[in-house]
Each structure stands twice: as structure tokens, then as C-alpha cells.
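*Asks:* Sequence:
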Amino acid sequence: MADGENMMMAAGANQGGDAFDAPVRDKARAQHDDAIDALIVNIEGYEGPLDVLLDLARHQKVDIRKISMVALVDQYLLFVEAAKDRNLELAADYLVMASWLAYLKSKLLLPVVDEDGDEPTADEMAARLAFQLQRLEAMRKAVEDLQGLPQEGIDFFTRGAPEGVRVTQIPEWQADLVDLLKAYATQRIAAVDRDYHIQPPAVFSIEAARMRLERILGSIPEWTELETLAGNTDVDAPKASVLASSFNAALEFAKAGQIDLRQLGTFEPIYIKTRQSTDEKDDRNGS
Numbered sequence: 065m066a067d068g069e070n071m072m073m074a075a076g077a078n079q080g081g082d083a084f085d086a087p088v089r090d091k092a093r094a095q096h097d098d099a100i101d102a103l104i105v106n107i108e109g110y111e112g113p114l115d116v117l118l119d120l121a122r123h124q125k126v127d128i129r130k131i132s133m134v135a136l137v138d139q140y141l142l143f144v145e146a147a148k149d150r151n152l153e154l155a156a157d158y159l160v161m162a163s164w165l166a167y168l169k170s171k172l173l174l175p176v177v178d179e180d181g182d183e184p185t186a187d188e189m190a191a192r193l194a195f196q197l198q199r200l201e202a203m204r205k206a207v208e209d210l211q212g213l214p215q216e217g218i219d220f221f222t223r224g225a226p227e228g229v230r231v232t233q234i235p236e237w238q239a240d241l242v243d244l245l246k247a248y249a250t251q252r253i254a255a256v257d258r259d260y261h262i263q264p265p266a267v268f269s270i271e272a273a274r275m276r277l278e279r280i281l282g283s284i285p286e287w288t289e290l291e292t293l294a295g296n297t298d299v300d301a302p303k304a305s306v307l308a309s310s311f312n313a314a315l316e317f318a319k320a321g322q323i324d325l326r327q328l329g330t331f332e333p334i335y336i337k338t339r340q341s342t343d344e345k346d347d348r349n350g351s
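Taken in order, the sequence shown gives residues 65 to 351; the numbers are from our numbering.
Accuracy of the hints is not assured; some may be wrong.
[To be verified] Heads up, simulated SDA-like pairs for lysine to any residue below, C-alpha to C-alpha not over 25 Å straight-line:
(1) 303 to 340
(2) 246 to 269
(3) 319 to 269
(4) 319 to 338
Just so you know, the hints here were simulated from the structure itself, not pulled from any lab data.
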């Protein structure tokens with residue numbers, strides 16, 4: 065009957081093997097395995113794990129002078145024989161602890177000799193032993209904490225379509241006055257147009273000056289200052305441009321024999337008048 069139930073349980077385990085790949089470790093079974101891995105000693109005045117014995121010896125709650133080293137070694141050999149096929153590394157750790165315990169007892173039993181040597185004293189050895197015990201306890205606690213964490217697929221299950229993680233980034237600016245000035249200068253330089261566009265100046269062309277001067281040639285029979293003629297205009301151009309273009313036009317008309325130019329001295333005003341023909345001069349003289 066028991067064999068039939070075991071076969072049914074094995075068959076059920078095979079059918080459900082696809083659902084759970086990793087076997088679930090029972091807590092009681094885990095505690096049982098840990099108890100098997102621990103070296104339980106039974107010597108005079110103490111019965112329990114070896115690391116607890118060392119901790120009690122460190123706190124002077126157990127007199128290790130009364131502990132039989134022979135019984136301790138015998139029990140350790142039996143433990144190594146039973147554990148060598150399961151966890152040889154654990155047996156090696158307990159060997160170190162047992163050797164420390166034996167060495168510490170020998171130091172306590174031997175008389176104290178005041179000699180300067182490299183060998184540690186009993187107090188130093190006890191301190192080292194305490195450090196090793198603390199480290200072992202920390203490792204065991206870390207293992208227990210890791211084993212106590214919830215496991216995926218056993219204690220919790222993930223969704224088939226998990227949602228994305230929304231990440232909110234909040235920038236933190238760390239800058240001083242120099243950094244702010246550099247950033248401002250960079251923005252100003254980037255905003256400057258690197259292409260230099262030269263705007264053509266507003267000028268009064270020579271052709272326009274010739275046309276204007278040609279229209280007023282008949283109305284200047286007497287000497288008239290050129291600057292006065294150039295100023296009487298409504299063109300949107302600088303006065304210097306109007307004067308220069310008018311002077312060039314006057315030179316062309318003087319070269320063609322249509323006007324006369326006169327300047328009394330250097331940097332003196334330039335005068336202009338229409339040149340009269342011979343018939344006009346005779347008519348004027350006769351009248």
C-alpha cells in the first residue's frame with residue numbers, strides 16, 4: 065500500500081515537473097540538514113555544537129581546562145568520517161576551530177613565561193577566536209537572510225505582461241558664477257550671425273546728377289555756387305554724395321563746353337554758370 069502511494073506521488077511529481085523547475089525546500093528539512101552539518105560534541109560539562117562551545121569559552125562560561133581533548137578529537141574524527149562525502153569544506157572549518165580550542169587550552173594550562181616572542185598570548189588567541197566566531201556568525205546570518213527572502217515562482221509570481229517602469233528624471237543643477245558666465249557667453253556667441261552683410265550706402269548717382277544739372281542749365285546765367293545748387297534737392301542721399309556727384313557732372317558739362325567753372329583759391333567755393341554762345345554775347349553787348 066505504501067509502495068502504491070509512493071508511486072502515485074512520484075507520478076504526480078513527474079506530471080507537475082513542468083510547472084515548477086526548482087524543488088521547494090521544506091523548512092523542517094532545511095533545519096534537519098543544518099543540524100546534520102553541525103558538529104555536535106558531548107564532552108565533560110558540555111553537549112552541543114562546537115562553535116557554541118567556543119563562544120561560551122570566550123565568555124568564560126565554560127571552563128575549557130576541564131574539557132577532554134581526547135574525547136573532542138574522537139568525536140571530531142567520527143564527524144569527519146560521516147561528513148566527508150557530504151561537505152568536506154565544512155569539516156575543514158570545524159577542524160580549524162577544534163585545533164584553536166586545543167591550542168587555547170594548552171596555553172591556559174601552561175605556566176606564563178615572560179619572554180619576548182612572536183607567539184600570541186592566550187588573550188590574543190581568544191580575541192582571534194572571537195573574531196573568527198563573529199565572522200562565522202555573520203556568514204550564517206547572511207545565509208539565513210538570503211534563504212528567508214521570497215523566491216520567485218514559490219512565494220510570488222510575475223505577471224505575463226509586466227508594465228513598464230516609469231522613470232521620472234529631476235535634473236539638479238550645480239553651477240557657480242563662472243559656469244553661468246560661460247553658459248551666457250556660449251548662448252550669445254551662438255546667436256551672433258557669423259555672415260557679415262554690408263549694407264550699401266545711399267548715394268546720389270552721377271547719372272542722376274547730370275540729368276538734374278541739365279534741367280537747370282538755362283536758369284544759371286550768372287556765377288552760382290555749386291554747393292548751393294547741390295543743396296536744393298529732395299533726394300534721399302547724404303549731402304556729401306549729392307555734392308560729389310554734382311561736381312563730377314559739372315566737370316563733364318565743362319568738358320563738353322556747356323558750362324564754365326571758377327574757383328578763386330584752394331579750398332574755396334566752386335562757382336558755375338551756363339556758357340553763352342557768340343551770338344548771345346553780341347546781342348547782350350548791342351543792347
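*Asks:* Against the structure shown, which of the earlier numbered hints fail to hold, in ascending order?
*Replies:* Checked against the structure, the hints that fail are numbers 1 and 2, while the rest are satisfied.
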